[in-house]
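Undergrad: Sequence:
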Amino acid sequence: MLILLLFLLSPAVAVVERCHPEDKAAILKFKNSFSNGPQLLPMWTSDRDCCDIFDCDETTNRIIDFSLTNSNLAGTIPDVIGDLTYLKTLRLHKMPFLVGEIPRGVSRLKYVTFFDISWTNVSGQVPSFLEELKSVMILDLSFNNLSGPIPSSLATLPNMIGLDISRNRLTGSIPESFGHLVSPALQGLSLSHNMLSGEIPISIGKMKIYQIDVSRNNLSGDASMLFGAMKSTSVIDISRNNFEFDFSRVSFMEETLVTLDISHNKIYGKIPTQILKATMLQFLNVSYNKLCGEIPSPWKLRYRSEGFDNTSFIHNQCLCGSPLAHCK
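Plus 16 on top of the position in the sequence shown (first one is 1) and you've got my numbering.
Simulated from the structure, these hints should not be mistaken for laboratory data. Each hint should be verified, as a subset may be incorrect.
As the list claims (entries may be wrong) - Quick list of in silico lysine-lysine cross-link-like pairs, DSS-like style, CA-CA up to 30 Å: (1) K247 x K306; (2) K104 x K40; (3) K104 x K126; (4) K126 x K47; (5) K282 x K316; (6) K104 x K150; (7) K344 x K306; (8) K286 x K224; (9) K282 x K293; (10) K47 x K150; (11) K316 x K224; (12) K282 x K247; (13) K293 x K247; (14) K286 x K222; (15) K247 x K150; (16) K282 x K306; (17) K247 x K224; (18) K316 x K247; (19) K247 x K286; (20) K45 x K126; (21) K224 x K282; (22) K224 x K306; (23) K47 x K110; (24) K110 x K45; (25) K150 x K222; (26) K286 x K316; (27) K222 x K306; (28) K286 x K306; (29) K224 x K150; (30) K126 x K224; (31) K40 x K110; (32) K344 x K316; (33) K104 x K224; (34) K45 x K150.
Let the hints inform the model, and build the full structure from the sequences given.
TA: The following block contains the structure:
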């Protein structure tokens with residue numbers, strides 16, 4: 017009798033679900049849009065609190081981080097992804113059976129700061145409606161099958177500090193608008209491993225870009241605007257293009273330059289002795305160009321006990337001096 021009385025007097029314990037019903041509906045529709053979704057996402061059920069699966073805002077209980085990686089989900093990205101309107105992070109990474117185009121629905125993600133659809137087989141063009149993601153800071157579309165030109169409208173993203181659309185099949189030129197990005201400084205700009213052509217817009221040389229990689233394209237002309245003693249760039253990789261300019265006239269970022277790769281171009285002139293003052297330099301490759309003259313020395317590198325070996329300098333027109341043959 018005492019046990020029964022205590023049971024009747026004890027307060028009822030109710031489990032309150034945190035997941036917002038609109039978010040739950042969205043993730044269930046996302047799951048069921050894939051033929052193998054029910055098999056691969058068995059924990060996504062109507063009786064499961066979605067805030068136990070995804071990160072939710074503690075105040076609103078809306079899903080703020082939707083990340084799927086190393087998944088074999090097969091099909092296209094459903095438009096319903098845009099119903100997760102409070103997302104700050106969208107990450108679909110290393111999903112080789114993800115195909116089709118990026119859906120228009122993602123433009124509804126007004127709060128997303130980290131947008132990552134990478135290492136998939138998503139195809140089509142880089143959609144211009146990505147310009148509507150005004151909160152985005154990192155935009156990563158690398159390692160996909162995207163084709164066509166780079167939309168000039170991406171330059172209007174006011175908070176973007178990192179753009180990676182490398183390793184796709186993009187064609188055309190680098191938009192001149194990229195030299196007028198609204199964002200005051202780019203931490204990284206990677207356009208490598210595409211089929212881009214034309215020249216780098218001169219206006220890009222006036223920007224603050226800390227890391228720039230345009231390697232393995234069909235770019236040509238003068239890329240010297242990326243250099244400058246007053247810049248803060250740490251990585252410059254313009255290798256495997258058709259650039260042609262006088263290397264003797266460039267100056268280097270003495271306090272910040274860490275990686276420099278200009279290999280496999282048509283760059284001529286001498287290696288400026290001022291490069292010896294770039295004490296932070298850790299990787300250097302000027303091979304396969306038309307450089308001449310004596311290789312500067314001695315190196316005074318902060319993080320390397322020795323200078324660079326011959327692979328950094330081989331296959332030039334008439335470079336000489338250590339680590340290559342002595343100058344005559």
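Undergrad: If a hint holds in the structure, say so; if it doesn't, say that too.
TA: Comparing the hints with the structure gives:
{"no.": "1", "hint": "K247 x K306", "result": "holds, 26 Å"}
{"no.": "2", "hint": "K104 x K40", "result": "holds, 17 Å"}
{"no.": "3", "hint": "K104 x K126", "result": "holds, 9 Å"}
{"no.": "4", "hint": "K126 x K47", "result": "holds, 22 Å"}
{"no.": "5", "hint": "K282 x K316", "result": "holds, 28 Å"}
{"no.": "6", "hint": "K104 x K150", "result": "holds, 12 Å"}
{"no.": "7", "hint": "K344 x K306", "result": "holds, 18 Å"}
{"no.": "8", "hint": "K286 x K224", "result": "holds, 26 Å"}
{"no.": "9", "hint": "K282 x K293", "result": "holds, 25 Å"}
{"no.": "10", "hint": "K47 x K150", "result": "holds, 27 Å"}
{"no.": "11", "hint": "K316 x K224", "result": "holds, 26 Å"}
{"no.": "12", "hint": "K282 x K247", "result": "holds, 24 Å"}
{"no.": "13", "hint": "K293 x K247", "result": "holds, 14 Å"}
{"no.": "14", "hint": "K286 x K222", "result": "holds, 24 Å"}
{"no.": "15", "hint": "K247 x K150", "result": "holds, 27 Å"}
{"no.": "16", "hint": "K282 x K306", "result": "holds, 6 Å"}
{"no.": "17", "hint": "K247 x K224", "result": "holds, 7 Å"}
{"no.": "18", "hint": "K316 x K247", "result": "holds, 20 Å"}
{"no.": "19", "hint": "K247 x K286", "result": "holds, 21 Å"}
{"no.": "20", "hint": "K45 x K126", "result": "holds, 20 Å"}
{"no.": "21", "hint": "K224 x K282", "result": "holds, 26 Å"}
{"no.": "22", "hint": "K224 x K306", "result": "holds, 29 Å"}
{"no.": "23", "hint": "K47 x K110", "result": "holds, 17 Å"}
{"no.": "24", "hint": "K110 x K45", "result": "holds, 21 Å"}
{"no.": "25", "hint": "K150 x K222", "result": "holds, 23 Å"}
{"no.": "26", "hint": "K286 x K316", "result": "holds, 19 Å"}
{"no.": "27", "hint": "K222 x K306", "result": "holds, 27 Å"}
{"no.": "28", "hint": "K286 x K306", "result": "holds, 9 Å"}
{"no.": "29", "hint": "K224 x K150", "result": "holds, 20 Å"}
{"no.": "30", "hint": "K126 x K224", "result": "holds, 26 Å"}
{"no.": "31", "hint": "K40 x K110", "result": "holds, 24 Å"}
{"no.": "32", "hint": "K344 x K316", "result": "holds, 25 Å"}
{"no.": "33", "hint": "K104 x K224", "result": "holds, 26 Å"}
{"no.": "34", "hint": "K45 x K150", "result": "holds, 26 Å"}
Violated hints: none; the structure is consistent with every hint.
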